[in-house]
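Asker: Chain B: place on chain A using the hints.
Here are the chains, one letter per residue:
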Amino acid sequence: MNPLYENGLLQTRRELIFNSAKCLGGAALGSLMAPNLIAAPRANNCIGGLAGLPHFAPKAKRVIMLFFSGGPSHIDMFDYKPAMRGFHGTELPDSIRNGQRITGMTSGQKSFPCVAPMFKFKRHGAHGTWVSELLPNIAGIADDVTLIKSMHTEAINHDPAITYILTGTQQLGKPSFGSWISYGLGSENKDLPAYLVMISKGRGQSQALYSRLWSSGFLPSKHQGVNLRSGREPVLFLKDPEGIDRPLRRRMLDGIAKINQEQFSEFGDPETQTRISQYEMAFRMQASVPNLMDVSKEPKAVKEMYGKDTAKPGTFASNCILARRMAERGVPFIHLFHRGWDQHGALPVKLRQQCEDIDQPVAALIKDLKQRGMLDETLVIVGGEFGRTIYSQGALSKTNHGRDHHGRCFTTMVAGGGFKGGYEHGATDDYSYNITRDPVHINDLNATLLQQMGIDHERLTYRFLGLDQRLTGVEGAKVIPQLVG
Amino acid sequence: MRIWVFTLGLIFVASGGAAEPLPEVVRFNQDIRPILSNNCFLCHGPDEGRRKGKLRLDVEAAAKEEVIVAGKLLESELWARITATDAEKRMPPLKSKKELTPHQIALIKKWIEQGAKYEGHWAFIAPKPAALPQSKPKWGHNPIDRFTAAKLEANGLKPSQEAAKEILIRRVTFDLTGLPPTLPEVEAFVSDKSPKAFEKVVDRLLASKAYAERMTLHWMDVARYGDSSVHHADGPRTMWPWRDWVINAYDTNKSFKDFTIEQIAGDLLPNATVAQKVATGFNRNHGTTDEGGLIIEEYRVEYVVDRVKTTGNVWLGLSVECAQCHSHKYDPISHKEYYQFFAFFNNNADSGKQTRGGNAPPMVNVVSDEQQKLRDAAQARVMSATTKLAARKKAAQPDIEKWVIAAALNNQKQPPEPEGLIAHLPLDDFKGRNTAELVSKKTAAKLEGGAQACDGKFSGGLRVVKSGFVNVKGITPPEWNKPFSYGCWVKPDAANANGAIFSKMNEGNAFRGFDIWLQQGAPGTHIISNWPGNAVKVVGKEKTKAKQWSHIFVTYDGSGKASGTRVYLNGKRLTHNIEADGLSGTIQTPVDFRIGRRSNSAQANNIEIDDVRLYDRALTDTEVATLAGNEPLAPILAIAPAKRNAKQKAALANHYLNSIDKEYKTLTTKKQNAQSELSALNKTKITSMIMGDQSKMRPTYILERGHYSHPRKDEVIKPGVPAFLPPLPKGAPQNRLGLAQWLTRPDHPLTARVAVNRYWSLLFGKGLVKTVSDLGTQGDWPSHPELLDWLATDFVKHGWDIKRTLKQMVMSATYRQSSRVTRELFAQDRSNALLARGPRFRLQGEFVRDNALAVSGLLVRKIGGPSVKPYQPPGLWNEVSLGGNVRFRQDKGEALYRRSMYTYWKRSAPAPTMTIFDAPTREKCLVERPRTNTPLQALATLNDPQFVEASRHLAERMMKEGGKSPKDRVAFGYRVVAARAPKALVSQILSSAFNEEFEHYKKNPEAAAKLLAAGDSKRDESLNTAEHAAWTIVASMLLNLDEVISRL
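Taken in sequence, the protein lines are chains A and B. 1 is the number of the first residue of the first sequence in this note's numbering; add one for each residue after it. 1 is the number of the first residue of the second sequence in this note's numbering; add one for each residue after it.
The following block holds chain A by itself, in its conformation from the complex (with noise of 0.2 angstroms):
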């Protein structure tokens, strides 16, 4: 056949996927397509992706987003102030709240009793960062991190939230941030997808999630999430039925290609070649994707650094191995999930487990990035959908309370990826209610993390009925600068 045709057959494959003028010419291959046969050879080695970009150079090559599902009380964790002590038990003042909006479940309440965590809490590391007891791991990498306090959003009860910060706005249809950095920068792995979701099994499994939390809304939807599973089929559908083994399975996917070839060459749509490529790299899956998931091989140090348990799969910590098994795999966005931050009651108790399943793990995977010259280039972000109130949900006891949605300020942790060390960034009031300096909404901080993956937030657009769209909306989200060193 003759190149030229061939090659425009092919660039003719690319504008129909990406219906954008930004990728003619470029390598606007998906990042699930195999690079032998189309993709062109990009500068930074990226699969997919769009052209142009980065559009400056990256400090960050990939994202861990581990997010805690439920509200993490931010009091209880982080945004401690000792004059907290001083007002337990006492009524939330009029001046503090200010008549904002509270949640339909303590709106009724007669009373709202400030509490103090029914924790301790002590200075870390050089800054001096407070940290809770309920975080001795945490706490020891309290100069690796970034605590930006002043994190806030305009909703109140989960649904909202958890869409809203995932996905930048309210309003669902939305891609997820991962979609948006799969769509943008593609991955460097030809093997794996771009995108990975991993949900923890815990003690509290009480929030739901949507697949809308990885999925790629109106982008084309090879840019959503892949949700590996623990078990035996880690990727739906990976494992080859019973019966067929590896070898049979191979001289398929011959005859397949071979016909399908046949095909290509009666009808000349450039579709059938990138098929025969999918089914390719589906092959390839099928063995990268348990690699990926074998851990048996790791040293028993880095087991143990990871915590009691590293050993069952599908536990937060086992997952953050695993994340970070695909952070060295190159995989551009890696998300997991932790279920069971709700503490509307019994807060004391249920607070401590779940910071006994994450401390442990997300303290060793920062470190174990570190130790391994990668924690410079990996973005670890930390956090949930919003905070706590610092008044009690229900009856305040000498031992037991709890604590209702709060969504005009928390504090959310970023680690690595040229975030500052050892820094905090904004404040709140002594009753952790309201902020008092550098507020940061969702959009400014995933604009600032956006910038340290390379990308201009106003530049990552596609066109959705009629409106350019970008993850940080359309209200001006800002970098903070100061966030990053």
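Be aware that a few hints might be false.
[As the list claims (entries may be wrong)] Straight-line C-alpha distance at most 27 angstroms; calculated DSS-like pairs for lysine-lysine:
no. : chain 1 : residue 1 : chain 2 : residue 2
1   : B       : Lys797    : B       : Lys254
2   : A       : Lys258    : B       : Lys165
3   : B       : Lys862    : B       : Lys807
4   : B       : Lys964    : A       : Lys258
5   : B       : Lys572    : B       : Lys662
6   : B       : Lys97     : A       : Lys478
[Stated by the list, open to error] In silico contact screen, one side only, chain A against chain B (beta carbon under 10 angstroms); selected entries:
no. : residue
7   : Thr106
8   : Asn400
9   : Asp404
Simulated from the structure, these hints should not be mistaken for laboratory data. All values derive from a computational prediction rather than experimental measurement. Ideal placement from N, C-alpha and C gives every residue a C-beta, glycine not left out.
Answerer: Just chain B now, kept in the frame of chain A:
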């Protein structure tokens, strides 16, 4: 300065112009508006809030007053600014991240030079019936081809030849029905040499139910259909009656006008039918929430916003929703106009807080066709039994007379015991605290607490004191919809005694069960599924006396009603008070039967009890009287036959028929069974959610920045439509009905264009306007504007006839072209915008699965009804569900093989094989799906048990129907999946694959058996295992071919 800039501009033009020639006449709509819209309107467009320098470029007068001088480039500030080298002056500014290309700058230059004529946006001007192009029709079948041929000619292209018949029938069958053609259908078409052959196929397809299903599936994306509520718990709901309505609408070819009016405002039509109300479920398919902490008004507004967005996207092809927070940046929809549109939906009666368990009001009861059939059948059986009973009664007259004579002779004898005794506790003795139950040997009855033996009515009895009772294990009453009777003798110490005499009732579960009890001395009963909403309670109007034995008894006919429940005292039926009336659920409970109390309460102290009986039929008055020791017949029989009055005669006849006549008794049982079935069927109420308005109009205000809590209360906004579109029709009401009438005005510039463009995209893989859901100023320019207008006006002119329009499209030569790409054609028209070849694209996910089911013979062609749950990997629901405990429970049997449109759609975790193939979550309206090509798709069609099972069945068909030789079987299989014969090379590849795998499986019989075990369906065991496995491999290869998962 300006001259210098101009020169620079020329350089741009020169370098850019070489790549892309400029049109002879630059047209505003086609060439200029997209540039201005995308690069300038954000700050110089319709939104006054964002406007910079008081300049707007979207309005001709304003632009020409300020920055454009027609024909005079150098005097036009616009030109100076877009070519300025000074970054401060250059437009668009650097910080906008927008940049004009040299070609765009050249276009603007030529446009200004040619007089800078503005045009209204094409899609906002009503289409005029376009005249057919003048060119001689050398090619083509219908007017569509005149337009495409003219376009091809203008571009120096020739159309492709018609696709091969086999390919064509497969293409049109998928496009119109979502299913593959069967082999006989292919053969009939290939051998039909008549000029009408293709038309016959098209007519057949359009008349099929599968057509209606295919169109409905598309509409389900548009209407954001789901079987769950989306937000928070994402609980179940029942909206499939709406889906059935859509299937029926397409099947009966309801006009698009009525289709629109009924879905938007069916509830507001005069004398709206249930179906018309169900249709409005279109706007109840939206996501709703049940979250505990929600603020109700916030979500109520959110639902209105969703309806505005959906209506705008679907009918208008406009992103109306963009004006929620501010005036639209691109289309002339002001902030206020948004809220005028919003006001149509703002009177909604549904609450912001809905439910996680089923439907929320407003809703209607619906009866499915299938259910109606069952009900009719049961009703017919009741009627038939009633008729037969009457007939038997008549026919039995001689028998009755004979019996009366004999009975009169034997008047001294005891009448027989009533039949149907299922439990009998005479309570005569309590050896070791145990007492006997006479019917079943397994029943254990034991004296508990302070209860004692005493003298009874007959022999011994039970005295209930000091919270004592008799506990009986192993008694199960009939279900709520079956008849039964029960009673005993009682002797209370005092008048006005209270308490349960006996019961099987669980207070802990809403008092489920039954009892007989005394209420202030009066006998009564509870029969309860769920107190008090789902229960029957009646209490007789006469009382037992102190220190006297009284017989109390209850009969119940299984109707679930108080009217079917009778209370007797001493053999006499009492009139009764009704305290609960409406039972339609199980009364079974695990707690024990207890004499003297309920399981834990209603203790009947200081009462003596004797001879407890339970029957599984409703005893007659006579029978009860007999039990009470009355001999109601004896006095009558003693009367001389001639002197008996009518009532007395009737009593005798009834006794004979109900207690003695076998045939009459059998018929009675039949009637009761049919009645039970009927009440059970009537119990399963199906609802569908519908739109409803509040009776009192809710005022609408502009919401500041779109926020529910910031209404601008200074002005009440009335329902209305944007000013750039035609007004509401004269006399149209200012509500949703008026809106629907407005959308379907014949001169509406958007509705028909948007609709026909969508139909076109279903058949051609993309629309004439590529942005199918956006015909606004940011939308694409149509590839064939005149054709689009012709189709739109033709659609309206012929009564918005959907089938007619689709038929016209597929009958065109344009549609029938081969999709083969030649080198020449490709060079000129890569994306096939000019339509010089047929479209070729991958089947949508549902069709990929349905195809596998159809070709393998597994597909179950049942139309409509509730959603089904075919195979899916375990754990997908509980790993995301609220509380982690919502489990997916896979269906069995035919539900595994229904068309994919019926697959249960849980929107937080939709069916994975479908989402892998680009199905949206359907949380929001989506008019056009993306079409991707990924390795996960390959894994699904290779490894999903549904596909492995289908391969096994396709293999079976190849072995049984495909002839003897491997070559013949391969040819058969290939024809089944691709409609055409395989090429020699293909045939050879597949045949040798069979040979190789046959050898492989002969050596590995265990592997063969494992492969063949995939799926729930049975395998034909007579087939050789290794051979069947090898053909299964070949079949799986067939189902994974690019040709097979595409339509060519």
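Asker: Are the hints correct? Go through all of them and say.
Answerer: Hints and how they fare:
1. Distance hint between Lys797/B and Lys254/B is fulfilled; the C-alpha atoms sit about 15 angstroms from each other, no more than 27 angstroms.
2. At most 27 angstroms may separate the alpha-carbon atoms for a hinted pair to count; Lys258/A and Lys165/B meet this at roughly 25 angstroms.
3. For the hint linking Lys862/B to Lys807/B, the alpha-carbon distance of about 25 angstroms falls within 27 angstroms, and the restraint holds.
4. Our distance criterion of 27 angstroms between C-alpha atoms is met by Lys964/B and Lys258/A, whose separation comes to about 25 angstroms.
5. With a C-alpha separation of about 26 angstroms, the suggested pairing of Lys572/B with Lys662/B holds against the 27 angstroms cut-off.
6. Taking the CA atoms of Lys97/B and Lys478/A, the gap is about 15 angstroms. The hint holds against a cut of 27 angstroms.
7. Proximity of Thr106/A to chain B holds as hinted, the smallest CB-CB distance being about 8 angstroms (cut-off 10 angstroms).
8. Contact between Asn400/A and chain B, as hinted, is not supported at the beta carbon level, the nearest pair being about 20 angstroms apart and thus beyond 10 angstroms.
9. Satisfaction of the interface hint for Asp404/A is found here, the shortest Cβ-Cβ separation to chain B being roughly 7 angstroms, below the 10 angstroms cut-off.
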